[in-house]
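In case you want the letters, here they are:
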Amino acid sequence: MTLKLGVPSKGRLMEKTFDWFARHGITLGRSGSDREYAGFVQGIDNVELILLSAGEIPGELAAGRIHLGVTGTDLIREKLGQWQNQVAELAELGFGQADLVLAVPRCWVDVSHLDDLDAAAAAFRLKHGFRLRIATKYHRLVRDFLRENGVADYQLVDSQGATEGTVKNETAEAIADITSTGDTLRANHLKILEDGLILKSQATLFKSRVAPMEATDRHTLKALKQRLDLD
Amino acid sequence: MPERAAIRAEAARLRALFEAAGALPVETSVLQPAEVLLDLYGEDIRARAYVTSDALRGEQMLRPDFTVPVVQMHMEHGAEPARYTYSGEVFRRQEEDAQRANEYIQVGYEIFERNAPEAADTEVFSMFFNILRPLGLRAATGDIGILMAAVEGLRTTDRRKAALRRHIWRPRRFRALMDRFSGRAVVPEPRSALLAAAEPMAGIEPLIGLRGPDEIANRINALREDVTAGPISASEVQLLDAILAVRETSDNALERLRDIAVDMPAIQGAVDRLGRRLEAMTERGIDITKLDFEASYGRTQMEYYDGFVFGFYAENRPDLPPIATGGRYDALTRQLGRGREIPAVGGVIRPGLILNLGGAA
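Sequences listed follow chains A and B, in order.
Quick note: the first sequence uses our numbering, first residue 1, plus one each step.
Quick note: the second sequence uses our numbering, first residue 1, plus one each step.
If you're looking for bench data, these hints aren't it; they were derived computationally from the structure.
Some hints here could point you the wrong way.
[Stated by the list, open to error] The calculated lysine to aspartate or glutamate pairs, modelled on EDC-like cross-linking and capped at a C-alpha distance of 20 Å, are:
1) A/Lys168 with B/Glu215
2) A/Lys79 with A/Asp99
3) A/Lys191 with B/Glu189
The task is simple: from the sequences and hints, build the whole structure.
Below, the structure written as structure tokens:
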């Protein structure tokens, strides 16, 4: 059997992952044309590269269909309940840094903390007859964070892209999204709440706790960890 | 786990006991309109209930409890007073603990009755108490009404009281608000800068979003008013803390709360109600010197209970959720009644857990 390693199938995340493994003497690459999602591994035996969308990697790890996978901590925590029981963190890869933050319009001079957001939400609901809308694709993380901090009278609306634009378009009053520099937020006249950091995320190598392994796989994993300086 | 057929038989036995006590058996739909539940519980319900949808009716939830549909049914065409019983599956989404059931049978008993609320509280509680007696469970009781009366009686602005009332069921935020209103919390820098600014609204363009400048200005005015209101006194904070700390057997708790009421007369009415309830319990043969009372019990549960609350726990099985829970939910009938209301109290019991503990069948 081979040890299956899931890596994001495109973009900077894939390239940086390839670079990171290359620094440890392991060459990952896409075989054939740019359009074909098949990969090769050189420099270590019995490891198979599986190219996947970053968003599918948590589910594949939890289902045990891949042994190792590179994806963001944000996606692992959003998609897996009790994630520690399903996957283990092997290494933070030092790229793909992004913060999941709660942001409101900059013109809300009266709102700088969650405490203010909660008060604004109560008043908003009374005036408009519906709960203040927060646009996000990270429903679980945002809901847990707001419950933990005792914020009420809000609702989450799903936004799978261009989330920063939802406030101006009046489909949401606030947003919770990933940001690395804050530039997009500023360009869309939004500001981050001072206590609005929900999660710090970066690209991380995870190991599935449930994927079945034979003796050779355990042997391969041990060799791989040695090469990656993880033992 | 006991078998489904055995659980059904146990559920039927319990429902028959409630029917014998005069309850009318009722049924409700498994699919409930999501809007009503979301309005009531807020976004949190999505973490606890399964949501599904179709193009015609929009979002629907798999019944997370019976209380809401039973109240709705009663408010539409119920006779008064009324006693209801029901038995059926409820569905609870589990995101953190795979060991917890996401589908189980509940059997409930609810009383809608305008007069003698303490008698109705006692009727529900003693019914559950007697059914569960053979299992040797610990009964926990509390009364959210006492805390609500204390908040109502604070010598402070209506706005602050409303904020505290809104967060009675979120102890952490409640505590933060008390700290702020009593001047014990540090005012964050942006807040003091905002309050010091002569024209805080100057240069805030571009204005984006549905929350308009009038709403922003209103909040700034509210914050300015709040500064002039002065802090909630240290003695009132202490009294509130004293109430929240009450955790004794019911007879001692009553005595303790009566002492506190001397300094905080606003809770006198609520404490008298507790006294009458304990008397009624004694008359029904419940030993209140062995019955736990905790003033903050029920604050982290679902937020519709606003008076007497109770739960039954298997102390040697901390892995199990409560075997039965219940309480008074007058405010819920007001919210669902579209201008009408009726005092109501009830509870649910899980037949599967009774069997799990080796109980009757």
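Output the indices of the hints that this structure fails to meet, ascending.
none
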